[in-house]
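K.L.:
Here is what each chain is made of, one letter per residue.
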Amino acid sequence: MNFAIKVLTSIRFALATIGVIILVSVVGTLYPDGDIVFGSPLFLALVGILAISTALCSLTRIVPLWRDVRRPPVEVSDHFIQTLPYAVHLSGVTLTQVRDSLKGYMIRETRTGKTTFLLAQKGRIGRFGPHIAHFGVLILLLGVAIGAAYGNANPYNNKIAVIQEGGSQQVDGFTLRLDDFNVSYYNNGAVRDYTATVTVLDGNLIQTQNVTVNGPLTYKGLTFYLYGYGVTQSGNAWVAFQIKSTSGLPFVWVGAAVALVGIMLSLYVPHKRIWIKEADQSTQLGAISNKSSARFFREIEGVRTKLESHAHSVDHTTRSEEI
Amino acid sequence: MDAVALEHLGFEIALGTYLISSVLFILYFSIKKRRLVEMGFTLALFGFAFQTLALASRWLYAGYPPWVSTYEVMSFFAWAVMGAYVILNVKSDYKSAGVLIAPLAFVLLGFASMQPTNPAPLIPALQSVWIFIHVPIIILAYCAFVIAFVASVLYLFKDKQLSEARMTEGLNRQRDVASKDTPPSRTPESTGILANFSLEQLDELAYKSVAVGFPLLTIGIITGAIWAESAWGSYWSWDPIETWALITWFVFLIYLHAKTQNWSASIAAYIAAFGFISAICTFLGVGYVLPFLQTYISVSTGLHGYAGGGAISGTVLFCGILVAVLLLLLATRKRPPNATRAPPAQTDAESGPTP
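Heads up: the protein sequence lines correspond to chains A and B, in order. Going by our numbering, the residue at position 149 of the first sequence is 1173; the numbering climbs one at a time, nothing skipped. Going by our numbering, the residue at position 159 of the second sequence is 142; the numbering climbs one at a time, nothing skipped.
Note that these hints are calculated values from the structure, not bench results. Keep in mind it's a predicted model, so treat the numbers as computed, not measured. Virtual Cβ for every residue (Gly too), placed ideally from N, Cα, C. Be aware that a few hints might be false.
To be clear about the criterion: a stretch of chain A counts as covered by chain B if any three or more of its residues have a C-beta under 8 Å from a C-beta of chain B, and this derived list gives those stretches [unchecked claim]:
1. 1070 to 1080
2. 1130 to 1138
3. 1189 to 1198
4. 1266 to 1280
5. 1295 to 1307
Pair ranges (Cβ atoms, derived) [claimed, not checked]:
6. LEU10(B) - TYR1210(A): 44 to 54 Å
7. GLU147(B) - ILE1035(A): 40 to 50 Å
8. GLY66(B) - GLN1305(A): 39 to 49 Å
9. ASP1057(A) - ILE14(B): 24 to 34 Å
Below, in silico cross-link-like pairs of lysine-lysine (DSS-like), each with a Cα-Cα straight-line distance of 27 Å or less [stated by the list, open to error]:
10. LYS191(B) - LYS317(B)
11. LYS1183(A) - LYS1244(A)
12. LYS74(B) - LYS1315(A)
13. LYS1146(A) - LYS1330(A)
14. LYS191(B) - LYS242(B)
15. LYS1183(A) - LYS1315(A)
16. LYS74(B) - LYS15(B)
17. LYS317(B) - LYS1127(A)
18. LYS74(B) - LYS16(B)
19. LYS191(B) - LYS143(B)
20. LYS1330(A) - LYS15(B)
21. LYS143(B) - LYS242(B)
22. LYS242(B) - LYS1146(A)
23. LYS143(B) - LYS1127(A)
24. LYS317(B) - LYS1146(A)
25. LYS317(B) - LYS242(B)
26. LYS1030(A) - LYS74(B)
27. LYS15(B) - LYS1315(A)
28. LYS74(B) - LYS191(B)
29. LYS1030(A) - LYS1146(A)
30. LYS1146(A) - LYS1127(A)
31. LYS16(B) - LYS143(B)
32. LYS317(B) - LYS143(B)
33. LYS16(B) - LYS1315(A)
34. LYS15(B) - LYS143(B)
35. LYS1315(A) - LYS1127(A)
36. LYS1315(A) - LYS1330(A)
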């Protein structure tokens, strides 16, 4: 059982599952009917396994991550600072000077005896990016599942409603009336767009809307799309509407948006941390970032060299005022 | 001069300058005069400026953005790839990467020039705000993947060059030590185009390009789904283009995870290269090969389609680019050390870097 958990929470397993999904999908694009492959038990099982793996990967990692990010150590040992990817001794520069030169950082400062500790942090949310993305994907998959289950159960889903111009159709307790249908043309005779003017009648509610190819009508969990048109033998225009259930759609869109936010956070918001320890005559500084380390360290170098050269120039003029 | 003539002029000039630029970059391989790279870049810039003019004119007189028909989409993609190349060279010097960029732009424009160019007014399904969002974002994502591919291929070639130089160095030293004539050890160097870049730099460029392209592709797929839902009644129908876009997305997802897990940079480079191949399949393969195959076997061509056909020439283009990419990748494979020679010395205290 432990082994199963270990495998299911390993990133390698998740990536391997994605690899298999990729291969199956490549094969799937060769079939005229997508459902043969993408609706198959194999594919659904793969997606299910990936969903479980994603959920477990995040669940097992998010608690230690939360602790590390929200309650990091401030009072650290010399060894801790010295083993950070960026570690320097500051000469002639105080902890306060560095702190005041850092812009946009969240500062935590404590003092024990003669030693002052400081931790400056920025971009903590970036560390949660991957988990936010995972969560978004799971919400999206939930929306897909709801749509498949409830949407297909809806008796009106995938049905076609044909309404004559001037006529109406009863759909799920309300009425749709086709008031007008118009085809607009370009100068060269090609079709520009189709516009059906439709009125929804539901008890006291009377609502009129134009339905176009890219602008369907949604009412009470059903969406009506322009599907076709024609003229009857007696010369009356008719319009066919395809009906789709909107079940699960909100989850799909919200899930996608959350996933996108998570992706951007994980790629563009580095979690930067700077520790400073000031004791007696020596000030040590160490820093770490989960991405873009080179740029981050250059930033700190810039602050440090500016402060140190300033300190040395003050020494040279033998003035002792605080900078 | 009216907008139509201006467009044709700009297009022809761009086509010609991309060709000459390609030739100059390729010449640099053998002649190795820096001047060739500078001239190649200047010409490419020149062509890019004229293409900008052409695309702007097109948008003006057609009345819709220049990325609908095959002619327009391919021209726009060539322009965007060139644009990405120019932007790349603003802060750093990647001019010699033009040896891969300029030929791609030329081939795309050449293909575009074979398609019907008359602007057809937008069909009802394309009368949507999403045409301003979904299409250009996807194309920009593909441009980022082009850069990622170029960086990855250059990385793999340099890695191979360095490893072969180290091996030769080791073998030479072994042979020289045996003959009691030890020359000073040299650090292996790259030659030619690869000397301009470091391995770390190329690896970082590939990563940054994917970091740009992956979110763009994500937004492109999502906006495509939103558009599909409002126009076709279904946000996802496993349409070949939708499926291949998702496959591309998954490959680069693996790439990004591989990077955070610190997998080797060369493995990551191959993953990025496969991601690019998947992008080619999405962009070119599905749009042209499937309609081409449809004449012979029953395949799904889906609801996506570039107006203005070109199934045969498009299939040729797709196969050509795919073969070129695969040959490039095969050429990056490291040859295993010759089994009959003794392995290089490892314990010599004065020796330089050992393999």
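K.L.:
Evaluate each hint against the coordinates.
P.N.:
Evaluated hints:
1. Only when three residues or more bring their CB closer than 8 Å to a CB of chain B does the claim for the region 1070 to 1080 of chain A stand; here the count is 0, and the claim is violated.
2. Counting residues of the region 1130 to 1138 of chain A whose CB lies closer than 8 Å to any CB of chain B gives 0, which falls below the minimum of 3, so the coverage claim is violated.
3. Note: the region 1189 to 1198 of chain A has 0 residues with beta-carbon separation from chain B under 8 Å; the three-residue rule is not met and the coverage is violated.
4. Counting residues of the region 1266 to 1280 of chain A whose beta carbon lies closer than 8 Å to any beta carbon of chain B gives 6, which reaches the threshold of three, so the coverage claim holds.
5. Interface restraint, the region 1295 to 1307 of chain A with chain B: violated (0 residues with C-beta to C-beta distance below 8 Å; minimum three).
6. Our hint of 44 to 54 Å for LEU10(B) and TYR1210(A) holds, since their Cβ atoms are close to 49 Å apart.
7. Against the hinted window of 40 to 50 Å, the Cβ-Cβ separation of GLU147(B) and ILE1035(A) comes to about 33 Å, which falls outside the hint.
8. In this structure the supplied range 39 to 49 Å is violated for GLY66(B) paired with GLN1305(A), their Cβ-Cβ distance being about 55 Å.
9. In this structure the hint that ASP1057(A) and ILE14(B) lie 24 to 34 Å apart at CB is violated, the actual value being about 55 Å.
10. Between LYS191(B) and LYS317(B) the CA atoms are separated by roughly 26 Å; this keeps the pair inside 27 Å, and the hint holds.
11. Among the hinted pairs, LYS1183(A) with LYS1244(A) is consistent with the structure: their alpha-carbon atoms are about 16 Å apart, no more than 27 Å.
12. Proximity of LYS74(B) to LYS1315(A) is assessed by CA-CA distance (about 20 Å); at most 27 Å being required, the pair is judged to hold.
13. With a C-alpha separation of about 21 Å, the suggested pair LYS1146(A) and LYS1330(A) falls inside the 27 Å cut-off, and the hint holds.
14. Distance check on the hinted pair: LYS191(B) and LYS242(B) sit about 11 Å apart at the alpha-carbon level, within 27 Å; holds.
15. Pair hint LYS1183(A) plus LYS1315(A) does not hold up; C-alpha atoms about 51 Å apart against a cutoff of 27 Å.
16. A distance of roughly 23 Å separates the Cα atoms of LYS74(B) and LYS15(B); the hinted pair therefore holds under the 27 Å criterion.
17. Straight-line distance between C-alpha atoms of LYS317(B) and LYS1127(A) comes to about 48 Å, which puts the hinted pair past the 27 Å bound.
18. Of the pairs offered as hints, the one joining LYS74(B) and LYS16(B) holds, with about 22 Å between alpha carbons and a cut-off of 27 Å not exceeded.
19. For a cut-off of 27 Å, the pair hint linking LYS191(B) to LYS143(B) stands: about 22 Å separates their Cα positions.
20. Annotation: proposed proximity of LYS1330(A) to LYS15(B) is violated, straight-line Cα distance about 42 Å (limit 27 Å).
21. The suggested pairing of LYS143(B) with LYS242(B) holds, with an alpha-carbon distance near 20 Å, which does not exceed 27 Å.
22. For the hint pairing LYS242(B) with LYS1146(A), the CA-to-CA distance comes to about 22 Å; that is within 27 Å, so the pair holds.
23. The hinted pair formed by LYS143(B) and LYS1127(A) fails the criterion: a straight-line CA distance of about 44 Å is larger than 27 Å.
24. Proximity of LYS317(B) to LYS1146(A) is assessed by CA-CA distance (about 42 Å); at most 27 Å being required, the pair is judged violated.
25. Annotation: proposed proximity of LYS317(B) to LYS242(B) holds, straight-line Cα distance about 22 Å (limit 27 Å).
26. Using a Cα cut-off of 27 Å, the hinted pair LYS1030(A) and LYS74(B) is violated, with the two alpha carbons roughly 45 Å apart.
27. Only pairs whose Cα atoms come within 27 Å are accepted, and LYS15(B) paired with LYS1315(A) is rejected, the gap being roughly 37 Å.
28. At roughly 14 Å between alpha-carbon atoms, LYS74(B) and LYS191(B) fall within 27 Å of each other, so this suggested pair holds.
29. With a C-alpha separation of about 32 Å, the suggested pair LYS1030(A) and LYS1146(A) falls outside the 27 Å cut-off, and the hint is violated.
30. A hinted pair counts as satisfied when its Cα atoms are at most 27 Å apart, and LYS1146(A) with LYS1127(A) qualifies at roughly 10 Å.
31. For the proposed pair LYS16(B) and LYS143(B), the alpha carbon gap of about 23 Å is at most 27 Å, so the pair holds.
32. Taken as a hint, the LYS317(B) and LYS143(B) pair is honoured in the structure, with Cα atoms around 6 Å apart against an allowance of 27 Å.
33. Distance hint between LYS16(B) and LYS1315(A) is unfulfilled; the C-alpha atoms sit about 38 Å from each other, more than 27 Å.
34. Proposed proximity of LYS15(B) and LYS143(B) is supported: the alpha carbons are some 20 Å apart, at most 27 Å.
35. A distance of roughly 19 Å separates the Cα atoms of LYS1315(A) and LYS1127(A); the hinted pair therefore holds under the 27 Å criterion.
36. The suggested pairing of LYS1315(A) with LYS1330(A) holds, with an alpha-carbon distance near 24 Å, which does not exceed 27 Å.
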